[in-house]
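A.B. asks: Residue strings, one per chain:
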Amino acid sequence: MIRDRRHACMTWLVVLGAPDLDGGMTTEATPPGETARSFEELLESVALDRDHMAFALLFAHFAPRLKGYLRRLGADDGLADDLVQDVMAIAWHRAHRFDPCQASVSTWLFTIARNRRIDALRRERRPELDFNDPVLIPDEEAPPEQTVSNGQEGAHLRSAIANLPVEQASLLHKAYFEDKSHSVIAAELGLPLGTVKSRIRLAVERLRGALRELR
Amino acid sequence: MIPRHHPEMAQLLDYATGSAAEPVALLIASHLALCPACRRDVAALDSIGGCMLEDSDPVPLAEGSFERLMDRLRGEAPPEEPDGGTQDEPDSPFDPLPLPLRRYLPKGLRGLSWSSLAGGRIRIAELLPPVGSLRTQLVHVRAGSSILPHTHRGMEMSLILSGGYTDEYGQFLRGDVETADDTVTHRPVADTGADCLTLTLVAGDLRFVGPVGTLLSPFIKS
Ligand SMILES: [Zn+2]
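Residue numbers (our numbering), protein chains in the order written: chain A, 253 to 467; chain B, 13 to 234.
A few of these clues could be false.
[Said to hold, decoys possible] Across the chosen pairs, the derived CB separations fall in these ranges:
no., chain 1, residue 1, chain 2, residue 2, range
1, B, 20, A, 302, 40 to 48 Å
2, A, 404, B, 87, 32 to 40 Å
3, A, 293, B, 120, 42 to 50 Å
4, A, 331, B, 125, 32 to 40 Å
5, B, 191, A, 372, 26 to 34 Å
6, B, 205, A, 404, 48 to 56 Å
7, A, 454, B, 119, 43 to 51 Å
8, A, 440, B, 20, 30 to 38 Å
By construction, these hints were calculated from the structure, which means they are not laboratory data.
From the three backbone atoms N, C-alpha and C, an ideal C-beta is built for every residue, glycine too.
Please take these sequences and the hints and turn them into a complete structure.
C.D. replies: Structural data, given as structure tokens:
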């Protein structure tokens, strides 16, 4: 049964002439007769129906990007491939815990990849907040009612990042892609720590404002 | 009760990007359980990470990657859910600990090895082996007792878990974070009424200020 579905999925990918799943796929293939589903809907199908087709589409989009992210953060080619496998395996197993009210799919995968990288490259545990923690102080600000789709959030945030002053944007790029803490970045750039801290605060407040407009 | 003293945005950024050392990440994750405001900040920082991932240049995968993954998934049991940490200790004098911290305490607070100072008015347990010069400690100060005025050779960062203390910079209660460096001299005094428990990270030694402090044990009763 599962095999059949998987074959069906591979078939239409071939029929559509989609670039192979292992390469940098540039087009988002859609099966015939199906309207494009959002990443959130695809992941929901993975959670509820163990939908191989949906998983293949998520893999085609995200796996090469995950590899790009991990390569930039210092994993060599072979290790990056292995870590991508781990990240997507975790996504498969934990799909039921994905909550579209908390995060978009790309954000969710980012956190999985970050934690997997800390575990594998630094051999450290990653302490994580747990929303089931009995001591959790609930948020009195109303949680967002409607979910924010990956596409909406991504596009909005991307343009907000693009509009940041260049010195703020470059700090964020260094922080996310070079595994450097803010104090290391300050030392490297020869900037006072206070300057780096205030640039970070300004940048994040601005981006938070952009995200709030969406919700 | 909502915390009034928070980690800096730059520290939350280090947590979100993954560059924060494990002890700092532990302190921040524990603060997040108690602080909805910082949870919202970290959610935004994670979204920025998602956006950075989305914008990453795709790099071609090894041949047959998807096939290999599906083969693996067919034979693989789902990973265990993260553990729920130790149960609360029913006779503990402290407020219940945040889950990220309890995951580091398989035998509870009592399972740690505590050293007593100042006639038992202060007790300290090392939670993790030092990371460089950074030590991770649980510090228990009896109600009304104090730690001598001191400054720091490096960073000191505390999360108040139970009770509270007051120093030159204000009153710090459950969930509050105080960060100090070598420019800061302070003399924390535990509030009366309840014992104070903190998760404290110290880089380098404390430097005690004044003729008495330089001669005595760092921790004395008030
Ligand atoms: Zn906070």
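A.B. asks: All hints are to be evaluated individually against the structure, with a verdict given for each.
C.D. replies: Do the hints match the structure? See the list:
1. Under the hint 40 to 48 Å, the C-beta atoms of residue 20 of chain B and residue 302 of chain A, about 43 Å apart, fit the expected range.
2. Between residue 404 of chain A and residue 87 of chain B the C-beta distance comes to about 38 Å, which sits within the given range of 32 to 40 Å.
3. The hinted range of 42 to 50 Å is satisfied by residue 293 of chain A and residue 120 of chain B, whose Cβ atoms lie roughly 44 Å apart.
4. The beta-carbon spacing between residue 331 of chain A and residue 125 of chain B, approximately 37 Å, falls within the hinted interval of 32 to 40 Å.
5. A C-beta distance of roughly 30 Å is found between residue 191 of chain B and residue 372 of chain A, which places it inside the suggested range of 26 to 34 Å.
6. For the hinted restraint 48 to 56 Å between residue 205 of chain B and residue 404 of chain A, the CB-CB distance of approximately 50 Å keeps it satisfied.
7. In this structure the hint that residue 454 of chain A and residue 119 of chain B lie 43 to 51 Å apart at CB holds, the actual value being about 45 Å.
8. About 19 Å separates the C-beta atoms of residue 440 of chain A and residue 20 of chain B, a value inconsistent with the hinted range of 30 to 38 Å.
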